[in-house]
Amino acid sequence: MRTKEILSLLYREFLLEWKQKYAFNGLLLYVVSMVFVLSLAFGGSIPPKTWNIIFWITMLFVAINAVAKSFMSENRGITLYLYSLASPFSIIVAKWIYNCLLMLAFGFITYILFLFFSPVETGNAGHYLLVVGLACPGFATALTLVSAIAASAENKATLLAILSFPLTIPLLLTAISAGRKAIENQPVSDSASLILFLLLFIVIIATVSFILFPFLWRE
Amino acid sequence: MKNARAQKYRWIYKVLALALIAFAIVAGFAIDRQQLTKDFGGESWRNIFFHVPMWYAMMVMFFYSCWQSMQFLNKGNLKSDGKAVNAAHAGILFGLLGLSTGILWARVTWVREIESGELQAWWAGDPKQNAALILVLIYLGYFLVRSSIAEPVRKAKVSAVLNVFGAAMIVPLLYIVPRVAAFSSHPGSGEEGILAALKSLDAGQRMIFYPSAAGFILLGIWLTELRSRIAEAGEKINDALANSTPS
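From first to last, the protein sequence lines stand for chains A and B. Quick note on numbering: the numbering used here labels position 113 of the first sequence as 113, and the sequence is numbered without any gaps. Quick note on numbering: the numbering used here labels position 45 of the second sequence as 45, and the sequence is numbered without any gaps.
Some hints here could point you the wrong way.
[As the list claims (entries may be wrong)] List time: in silico DMTMM-like cross-link candidates among lysine to aspartate or glutamate, alpha-carbon distance up to 25 Å:
1. 155(B) with 235(B)
2. 79(B) with 154(A)
3. 75(B) with 235(B)
4. 155(B) with 184(A)
5. 49(A) with 126(B)
Bear in mind the hints are in silico, worked out from the structure with no lab data behind them. Just so it is clear, the structure is predicted and the values come from calculations on it, not from any experiment.
Bound conformation, chain A alone:
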């Protein structure tokens, strides 16, 4: 029963995205111009260690732009009506899945764009993609609840920045060190503890968000 509700909410998110294409395309343009500017600034070739760091910082900004707005951009009236039909638990789970998928897509898009504009010896590409595939949902998880909290306060933009940075810094640092290991072509077992930490982080934050969101919603 819950699954059906979550799926229909998820479908609604995709439909909304499809109808107002500017959200996705705007973000895409943002990523392309950011990567392009970075490659221009570095003159085409970026040293692998630096490449890894700017890749993740770019991902952080993409995440903040993509996920953080997920509770802000909607029409409050329509949202209230729709959400009076569904349970808050389904809403947060649907938002979370949607944000994770969005961030995964943007993680891979940004990776390809980075390789396109400033090619680099990526070492173990599968290893790197594994880190991308875990850290991007991590960003999405951390920022989904932060977005919900910030959306209910008055000065949203400031709050969002202040709340999201401390929560994403641990993820960012872990992703950077795991990414460096992948770039240096070390085996996956070397970053096993980092990958485990990313998973643990996602599980903790997702659980806490699912438990807490209904309280935020009930206001």
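Fit chain B to the supplied structure of chain A, relying on the hints for placement.
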């Protein structure tokens, strides 16, 4: 007052808090461990009796605050929210104290490696230190959220959610990140370096360390109680003013 008798004996724990901290200060500076003084090149190791208990006190305050926030979310009693804020205030105070004692300690103990050599820096950049700063930032965000929402119930709800979220980050940030993301020079995190000598305290040191921790925790409870009494008094004054103006 239903617990008037309990009120009557409240002074005991306050005296105990002061006595324990006074004992920790006197004994912490008096205890003689020449090996440690030699290893550290000075007396800075004595900070273990103050720096670590402050973090313990911070964690106790934050967990209590989280507990009160959960109570508020369950039952909707604004009093619990008040308690949560007061405890969080005490917690952030201990967090800032822990950070500053840590900064001073790190400055005399660790040197930061930079490209041109070594630097005695104010910020050591140790992973555990960074994680602690992140934690303090989360709680500063908590106070910011509180001050940016005017309506009391919504303020309490949103900030309670953030408080529980922050408490859930304490253990990952202080105990998992320093071990996993990078190796910290704090004891128990892989590469202890000079601080390894403090990893296991001997019986004499423990006799100072645990009373000090208990003293700081009790001091935190006292601070929380003081803040809530100030808040109560403020409410009474407001009520009295509101009642007196119409006439």
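To see whether the hints hold, each was checked on the structure:
no.: 1; hint: 155(B) with 235(B); result: holds, 18 Å
no.: 2; hint: 79(B) with 154(A); result: holds, 24 Å
no.: 3; hint: 75(B) with 235(B); result: holds, 22 Å
no.: 4; hint: 155(B) with 184(A); result: violated, 48 Å
no.: 5; hint: 49(A) with 126(B); result: holds, 20 Å
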